[in-house]
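Residue-level listing of the chains:
Protein chains: 2
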Amino acid sequence: MTREGILLVISGPSGVGKGTLCTAILKEVSDLVYSISATSRSPRPGEVHGVNYYFWRRPEFEAKIERDEFLEWATVYGNLYGTPKTQVQEAVKLGKDVILEIDIEGARQIKEKFRDGVFVFIAPPSLEELARRLTKRGADSDEEIQRRLNLASEELDYVSEYDYIVHNDDLESALLKLKSILLAERCRVRRFRSKF
Amino acid sequence: MTREGILLVISGPSGVGKGTLCTAILKEVSDLVYSISATSRSPRPGEVHGVNYYFWRRPEFEAKIERDEFLEWATVYGNLYGTPKTQVQEAVKLGKDVILEIDIEGARQIKEKFRDGVFVFIAPPSLEELARRLTKRGADSDEEIQRRLNLASEELDYVSEYDYIVHNDDLESALLKLKSILLAERCRVRRFRSKF
Chain A
194 MTREGILLVI SGPSGVGKGT LCTAILKEVS DLVYSISATS RSPRPGEVHG
244 VNYYFWRRPE FEAKIERDEF LEWATVYGNL YGTPKTQVQE AVKLGKDVIL
294 EIDIEGARQI KEKFRDGVFV FIAPPSLEEL ARRLTKRGAD SDEEIQRRLN
344 LASEELDYVS EYDYIVHNDD LESALLKLKS ILLAERCRVR RFRSKF
Chain B
194 MTREGILLVI SGPSGVGKGT LCTAILKEVS DLVYSISATS RSPRPGEVHG
244 VNYYFWRRPE FEAKIERDEF LEWATVYGNL YGTPKTQVQE AVKLGKDVIL
294 EIDIEGARQI KEKFRDGVFV FIAPPSLEEL ARRLTKRGAD SDEEIQRRLN
344 LASEELDYVS EYDYIVHNDD LESALLKLKS ILLAERCRVR RFRSKF
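One line per chain: the protein sequences are A and B, in this order.
Numbering of the first sequence is given in my numbering, commencing with residue 194 and proceeding in unit increments.
Numbering of the second sequence is given in my numbering, commencing with residue 194 and proceeding in unit increments.
Hints in this document: simulated from the structure, not taken from any laboratory.
Since the model is a prediction, treat every value here as computed from it, not as a measurement.
Be careful, since some hints might not be right.
Since copy identity is lost for identical chains, a pair holds within one copy or between any two.
[As the list claims (entries may be wrong)] Below, in silico cross-link-like pairs of lysine-lysine (DSSO-like), each with a Cα-Cα straight-line distance of 27 Å or less:
1. K289 with K257
2. K372 with K211
3. K372 with K220
4. K289 with K372
5. K278 with K211
6. K329 with K278
7. K372 with K278
8. K304 with K211
9. K286 with K220
10. K257 with K286
My request is simple: use the sequences and hints to build the entire structure.
Printed below as a string of structure tokens:
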């Protein structure tokens, strides 16, 4: 009795703790594959091609867009970013589960091309708490924080397009929920190919 | 942000360990409500009305059938058994999660009346293992064991009507899967009533 792999899409507002949650679940679930993004920007010191990102030059990246080789792509601050299709599709075909961290617009694009994915919205406990976190992080100006909060407030409108919502109240509790979602989805009858 | 309760239907072949799993998850998840069945048979020594069963006399039971007050009912060895609707519906309306252990025919009936339920099929590791367990239990004759095995083999055909399948390889692993299914379903976006 074989099962196809799961594409677990982790999305939500900026600053909500998506990255920390992904790192945490990857540590605990050893057979989960991390989907590596591609970018046209240059590697920063210490970044490795095929580990942190696939670093593809802009013409190569644009040719791949032309050939519809991305599950989603976007331009951010003038650089191209995207999720290559093949690595996700091949892993899933082999029965491996793939985790992918992406912003909300990216998740919408992926949903159009990969309906069978499991879409998890990571939500802050409240907008007040999100404000506190962004301020505490100290990486953004007040204006930038306000911009992010407005965006987060709008982004909450998209929750209804997701399968699951996980409030990132505290890491342990959110991680348990995320692991439960993966384990439950692994038991879904519709994922099994053969007769029982 | 309120959520409606979940009706968790635990079903599967006879002898597969449904009862043990239900007892185990009820011990660990304190806010899970056990759905008490009703029967027209007399209480056995030690059995308490409203704890083990609702003991209703046959005319009362039949009147309730007439009034469509059961999620499912069946005659077993001449006695009536059934799942009263109201306790499940009221608990779920209040946002409480209800667990219900039932045979496969009962689960089919419930699915017709309660589409929103979460249907979990507990499967034996294999028919060979099921045979071993039934023999070990020592409660049944060889003929009865063969009858149960034939039935279990037929019952596996119904798995496709369920949401989840949990192989009861060992209690710990099956219990973790069952808890994960409940925890994941609690995070389902479609269960939340209000806007986020």
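A quick look at each hint next to the structure:
{"no.": "1", "hint": "K289 with K257", "verdict": "within (24 Å within a copy, 50 Å between copies)"}
{"no.": "2", "hint": "K372 with K211", "verdict": "both (14 Å within a copy, 24 Å between copies)"}
{"no.": "3", "hint": "K372 with K220", "verdict": "both (11 Å within a copy, 21 Å between copies)"}
{"no.": "4", "hint": "K289 with K372", "verdict": "both (15 Å within a copy, 23 Å between copies)"}
{"no.": "5", "hint": "K278 with K211", "verdict": "within (21 Å within a copy, 41 Å between copies)"}
{"no.": "6", "hint": "K329 with K278", "verdict": "neither (36 Å within a copy, 51 Å between copies)"}
{"no.": "7", "hint": "K372 with K278", "verdict": "within (24 Å within a copy, 33 Å between copies)"}
{"no.": "8", "hint": "K304 with K211", "verdict": "within (18 Å within a copy, 36 Å between copies)"}
{"no.": "9", "hint": "K286 with K220", "verdict": "within (23 Å within a copy, 38 Å between copies)"}
{"no.": "10", "hint": "K257 with K286", "verdict": "within (21 Å within a copy, 51 Å between copies)"}
Taken one by one, the earlier hints fail for this structure only at number 6.
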